[in-house]
Amino acid sequence: MQRQQVQPPGEAGVIILGGGVIGLSLALALAEAGLRPLLIEARSFGGAVTAGSLAGIGVHMHGMAEFHLMTEACRLWRDLAAKVGNPFEYNPQGQIGFILDQEGMESGEAWVAEESALGAPCRLLTPAQLREIEPGLTGPVLGATWAPDSATVNPFFAARTLLRLAREAGALAFEHCPAAALLSQGGRITGVRLANGQEIRADHTILAAGPWSQEIAAPAGVMVPLRPRQAQCLVGLRQPPGTIRHVVSAVERRGGVDAGYTQIQQSVNGQILFNTVITPVDSGAAGRDRINEVPASFVTSSIDMLVRLFPALADLVLLRSWVRFEAVSPDARFMAGRLAPEGLWICAGDNGSGYCRALMLGRYLAGEISGNSRAGLAPDLVAQARALYAPARFSQQAA
Amino acid sequence: MSEPQTHFRTDEGAVAQILDCDIAIVGAGPAGLAAGEAAAGTGARVILLDTFAAPGGQYSMQPTQGDSPFTDTPAVRLAREATARLAARGVQILTRAEVFHAAKRQDGSFRLAVSQQGAARVIRAGAVIAATGAMERPLPFPGWTLPGVIGAGAAQRLLKTGTGSLGPQGKTVLAGSGPFLFAVAQTFAKAGAPLDHLVEMRRPGVREALGLFLAHPSRLPEALRLMADLKASRARRHSGHMVTRALGTTCLEAVEIAPLGPDGQPGMAAARVLDGVGTLAIGYGFQPVVDLTTQLGADHGHDPALGGFYCQTGADGGTSLAGLYAAGETCGLGGANPARLSGRIAGLSAARGLGFAAAPDETAIKALRRARDFAARLAALWPAPQRLPLSLPPDELICRCEDVRVTDIRAAIQDGAREAMAVKLWTRAGMGPCQGRICGAGLSAVLEEAGVTAIAAGYNRAHLPLRPTPIGIVRAAMASGEWDI
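Residue numbers (numbering that gives the first Met the number 0), protein chains in the order written: chain B, 0 to 398; chain Z, 0 to 484.
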């Protein structure tokens with residue numbers, strides 16, 4: 000369904016496949032680096048995984064290995080909001096990690112100790128201190144971690160802003176423009192063929208299609224070890240401002256997201272977003288394309304946790320629910336960098352927290368692709384990113 | 000990896016009542032009632048649900064007072080008698096009941112989660128008939144959010160039930176497009192409520208009317224009655240006109256109307272103002288309610304003559320999803336006659352599908368074709384406007400829940416939002432309590448204006464909850480163990 004007045008050109012500097020927050024961030028960074036990016040999106044910009052994001056921006060509980068990269072990622076969001084007048088509801092509301100048991104307390108203490116040693120402003124709260132910061136949270140908690148610098152953005156508006164800025168910087172972007180196949184010549188990826196048959200050539204092609212990246216790459220013999228994981232959220236009717244003042248999340252156990260998680264927050268329009276996952280739903284690849292209903296056990300555990308923490312919300316009215324599919328890599332970290340065939344790159348594997356990393360990864364790859372260090376991250380961060388995100392850490396080439 | 004978080008139970012006392020049946024029918028208007036009678040007649044156990052306090056739907060809306068002038072109208076009697084017969088047959092009728100979630104299990108059976116007056120129920124059914132009816136298709140125009148401006152369907156409901164009153168002070172204007180306006184005018188006449196002006200976009204010519212009734216002579220008496228009642232109402236009829244503005248400061252005070260030119264646009268030079276107006280009941284048609292059928296994943300088509308997106312059904316009333324049937328306005332607007340017939344057909348088919356002896360009613364199938372033909376001819380005489388009837392000022396509200404204006408929607412489209420879902424994400428239009436029921440048609444119309452067809456714009460598939468529902472009720476239903484595939 001190609002409805003643009005102007006067709007994509009036959010040639011571009013870099014082709015980005017996927018118009019979610021990652022692809023849009025890449026488009027912006029590459030355009031600013033003068034690399035003539037062309038972004039193509041199968042459906043609507045930011046309409047899939049990005050639209051289902053809670054768009055948390057923070058370093059808290061993301062692990063020490065990525066701490067400095069995450070700090071930079073957060074700074075980029077903060078600076079962007081300041082630079083363009085914050086059209087995407089950047090809100091440095093802070094994040095609470097509630098603690099329900101002794102084991103959680105140990106996790107919380109460990110997170111706070113490690114992060115504050117690296118200079119983060121996080122600390123532990125007693126139940127009394129917590130009540131001052133989040134008065135509605137009257138449930139039986141032993142305490143909480145507190146990361147005052149964590150923020151959120153409106154995931155839809157931020158995607159829209161990135162698209163606008165990328166276009167203003169010279170990027171081309173087309174929606175409802177699905178790719179059919181990667182083009183290759185002499186073992187090198189030389190561009191893409193669109194579903195409508197048009198071929199576009201480029202020196203570099205980046206897979207930024209989240210859980211769909213694999214199916215674009217596979218016909219070219221490139222295996223991308225990403226699996227889709229279902230995530231979901233419930234939304235309650237608008238409540239008075241300040242009903243929930245901060246992002247409220249469970250202190251993450253060392254098992255990461257797969258050990259279960261909770262996130263509760265109030266959006267700028269007053270609606271209450273809440274989810275508690277006890278056991279992640281492992282969905283087959285087909286699940287990405289047929290959006291399921293939220294699982295019944297997820298609904299009950301989410302409601303139970305919300306009401307346990309915020310008893311005053313027991314009469315909340317449920318307004319909607321959604322399901323999305325995150326792309327998860329074997330070690331739950333992004334794949335960002337070169338793939339084996341020359342000319343092919345990837346930036347995917349959000350593991351459920353791609354929003355925060357998007358601008359940072361865009362910068363990183365702009366530097367890597369252009370070879371221009373001024374377009375990219377600072378040298379020490381580049382070294383860390385290479386070590387952490389290199390796709391070569393998995394064997395991605397098919398036999 | 001540590002152990003998962005404990006599974007808390009906030010309200011263990013709240014459990015959903017489980018109800019078993021062969022066939023669950025959602026909606027007790029003419030289609031649902033006919034489906035219920037047909038299905039129950041085969042021996043199938045039937046549960047019939049409706050949102051309102053009594054079966055009947057919009058067409059046979061039951062009055063709340065005994066001395067209502069509507070108590071003995073044929074439509075009201077029809078539903079009352081059908082309800083009595085259903086009750087005598089043991090059909091379980093749940094009123095004030097809203098289905099907020101539905102699923103089909105791998106064994107082929109269905110589950111419906113129902114909120115009924117503060118209680119949760121889960122219905123187990125072998126088959127489901129969606130007879131969910133239609134809802135108004137409000138199209139925005141300048142001033143459409145002023146208090147005193149209501150939907151024509153809502154006005155009719157108020158008059159029929161006698162539960163509310165139209166604005167006491169001021170004149171009443173009925174406006175819009177389509178034959179439904181005559182039915183509303185008739186309701187005004189029957190209720191003894193004054194109707195001062197009827198503003199209709201199109202008045203078919205004598206030749207067109209003749210063509211219609213030559214093809215369907217049996218429909219002539221009903222049409223003549225409608226015309227006689229319209230005349231009796233003594234409303235001033237402004238044919239070929241449309242409302243171009245609702246005027247007022249804090250509430251409706253006046254209505255501006257203008258004649259439509261050959262290009263279909265209002266000629267503002269000839270616009271005039273109807274003063275002293277207290278109520279403007281305005282209707283640009285209806286749209287099928289397809290939340291249940293979209294949630295369950297049945298195939299839907301789009302046809303402006305059928306009210307937009309509708310649930311596709313075969314001749315037996317079956318949808319693309321085995322065991323799910325649809326009847327009445329859900330399968331495309333057509334009015335009470337196609338509703339009754341398609342309800343009967345779907346009721347028999349659903350029973351037959353479950354092994355009950357129920358031969359297809361060939362007469363009903365034939366009659367449905369004729370009734371659909373009449374509806375299609377009516378729709379052709381009064382095509383529902385797909386675009387905004389007139390250009391809106393940029394600051395006109397489209398989504399009242401989230402305060403989204405025309406200019407916001409146009410800007411989002413300009414920025415690259417080229418489907419209804421994308422516009423919703425980028426503007427929040429349709430994310431509020433009404434979930435797009437009020438602003439959806441307006442949003443589609445602005446997309447049309449930008450060259451995005453309704454089909455390309457798409458529909459938002461419904462998900463849990465189909466209606467806003469208290470979390471305690473949601474929890475009780477979802478904790479029932481009935482949802483594990």
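Heads up, a few of these hints could be off.
Just some of the chain B residues that point at chain Z, by a computed CB distance under 8 Å [claimed, not checked]: (1) T137; (2) R163; (3) T299.
Taking CB as the label site, the calculated pair distances span [stated by the list, open to error]: (4) E198(B) <-> T406(Z): 56 to 64 Å; (5) T406(Z) <-> G138(B): 39 to 47 Å; (6) P8(B) <-> N459(Z): 32 to 40 Å; (7) A227(Z) <-> Q6(B): 56 to 64 Å; (8) R130(B) <-> G89(Z): 49 to 57 Å; (9) R76(Z) <-> G138(B): 51 to 59 Å; (10) N459(Z) <-> V83(B): 37 to 45 Å; (11) Q197(B) <-> G450(Z): 52 to 60 Å.
Treat the hints as calculated values from the structure; they're not laboratory data.
All C-beta atoms, glycine included, are put in the ideal place defined by N, C-alpha and C.
Evaluated hints:
no., hint, in the structure
1, T137, "14 Å, violated"
2, R163, "6 Å, holds"
3, T299, "5 Å, holds"
4, E198(B) <-> T406(Z): 56 to 64 Å, "39 Å, violated"
5, T406(Z) <-> G138(B): 39 to 47 Å, "43 Å, holds"
6, P8(B) <-> N459(Z): 32 to 40 Å, "33 Å, holds"
7, A227(Z) <-> Q6(B): 56 to 64 Å, "60 Å, holds"
8, R130(B) <-> G89(Z): 49 to 57 Å, "56 Å, holds"
9, R76(Z) <-> G138(B): 51 to 59 Å, "55 Å, holds"
10, N459(Z) <-> V83(B): 37 to 45 Å, "29 Å, violated"
11, Q197(B) <-> G450(Z): 52 to 60 Å, "21 Å, violated"
The structure shown violates the earlier hints numbered 1, 4, 10 and 11.
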